[in-house]
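Colleague: Given next are the chains, with one letter for each unit.
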Amino acid sequence: MAKAFVLRAMSTVGGDDFWRGIASIAVFLIFWEVGSRSQALFGIAFPWISQIPAPSAVLQELVVLVQDPSFWMSALLSTLRVFEGFLAAMVVGIPLGLAMAVSRTFYGITFPVFEVLRPIPPLAWVPASIIFWPTQELSIAFVTFLGAFFTIVINVIGGAQAIDVRYFQAARSMGSSTWDIFCRIILPATLPSIVVGATVGVGITWAVVVAAEMISGGGSAGSVGGAAGGGLGFFIWNSYVGGSYTQIVAGMISIGIAGYLSSAVLRKIGKWLTPWLSQY
Amino acid sequence: MNIQQMAQSSQVISSPLGSQISVTNVSKIYGAGDFAKEVVRDCSFTLDRGKLTVMIGPSGCGKSTLIRMLAGFERPSSGAITLDGKAVSRPGLDRLVVFQESALFPWMSTYDNIMFGPRARGEDTPEMRAYAEELLHKVGLDGFRKKYPAQLSGGMQRRAELARSMINKPAVMILDEPFRGLDAMTKKLMQEYYSNLYEEFRRTTFFVTTDIDEAIYLADRILIMTNIPTQVRAVINVDLPRPRHVEDITENDDANAIKMRALSLLHEEAMKSFARGSKAAADFVDAYAKRINKE
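Going down the list, the sequences are from chains A and B. Per the working numbering, the first sequence starts with residue 1, numbered consecutively. Per the working numbering, the second sequence starts with residue 1001, numbered consecutively.
Please keep in mind that the hints were generated in silico from the structure rather than gathered at the bench. Glycine included, every Cβ here is placed at the ideal spot set by N, Cα and C. Just so you know, not all the hints are guaranteed correct.
Claimed, not checked - A partial selection of chain B residues facing chain A, derived with a Cβ cut-off under 7 angstroms:
(1) Phe1045
(2) Phe1073
(3) Ser1089
(4) Leu1093
(5) Ala1103
(6) Pro1106
(7) Phe1116
(8) Arg1121
(9) Gly1122
(10) Gly1140
(11) Phe1144
(12) Tyr1148
(13) Ala1262
(14) Leu1265
Stated by the list, open to error - Label-pair distances were calculated between CB atoms; the ranges are:
(15) B:Ala1234 - A:Ile269: 40 to 50 angstroms
(16) B:Asn1196 - A:Val113: 36 to 46 angstroms
(17) A:Ala99 - B:Arg1129: 29 to 39 angstroms
(18) B:Leu1017 - A:Pro95: 28 to 38 angstroms
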């Protein structure tokens, strides 16, 4: 993942967008640094931002953290949970969405239930999930799964239902069987929506996994790997309880970077899967 | 429906010139009760074997509905459509439609689009591939075989679509305003190009347009349609020699006489369309008022 990121960044080094990106981040960091040191610099504490540790302090904290195996353990644990939940959501969501789009009967039977469950926030599932599933690990993975699942299904249904009816007419006229139409028309025509659903879904997955870790106390691994072994969500919560504000922000930044990398990787895969969309 | 069977049965083409289609007393009514809308009324005509029949009529008169019925996507409310004497009820290889705007599959390259039909029927044979190459060459897209439709110009897309239909050797080719939306220059080139293609292959062709010059240039026979609910208002035979050239047509007295006659008929129908348009709106309001009162 890191390698892909570096390659991607390098391929655009020197471009206008690259320098704009650098400038954007630099200006943001300067405002943050000045804001959080406002008490020392101007004698007035700026509201809100002066409470946040300065980026320089956070950077020092990050330097310490990256040398700490338990921090990596947390990051790995969260990543694994995201990966499990996301993968399960894809495996279940894509066929379900396609079936709902293709079969009017199936749609009629499943959609009402789906629509009632969909607005329930994934976090509202946490207590029930802890009761239902035998281990905390499974309950966190399940909540993570829900985060991506509904987004993916809705996107697949939307994509498949928006297919131009002339494609079906053309294929049918040329002698396509139903299975052929599914493989060569419905699947590729829905692929762009699947990619969008996956990219949005993985972002939600990160949001959900962190919250679930906070609420459930880090899962079973929390007790095994020590305080910092329960995932990034638990890591942040633990830092809050321990009063280390630089660690909180460092943990937040780690999640931001992880989420960005996940989306970037998915976008890359999506581009590779749908070459016709980027050829003009 | 058994598509496999359908594809196989339609494989049998009776004549190298294609098939003959008869449309007999066909009507099409959408909806029911107060909301029923009659689009086609008691319409009869034939598409002669190996001939190019052009249908021309006011826009929105129901031409596309007729095409969908000919293609088998929809069924007539009454009347019969037969192909070489057999009733038409489903889409099939014997009648291929080239749609108004490109219906090329955006996710397939030009070559894969052309090979779609053969692959759908499990005929990805060396002969078919050779034929695909020949067609690619014929429509001037040799250098574009790996390009996606979005990378082709409007004219190229239409040619790719012609090739995609022709590889299936349909007994009847149905073209629904195929050059609509092209700029004037490209349109003229496409007409000449299409005319050559037709003269080479000579299959039964049904060509729908709203452009009278295009109709006279291409047609063996022109069907002038009435306003909605549509039926054939007049049949004009175009006995101009082939191969034709656009210049010959503009200077030909016969062609000009046909054009004057067709234009005056079309003008009458277009005027009716205004009158009927306001009547249709009034009918709709009436029907709606009735329904409200019932509830």
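Colleague: Any of the earlier hints contradicted here, and which numbers?
Modeller: Of the numbered hints given earlier, those the structure breaks are 1, 3, 9, 10, 11, 13, 14, 15, 16 and 18, listed in rising order.
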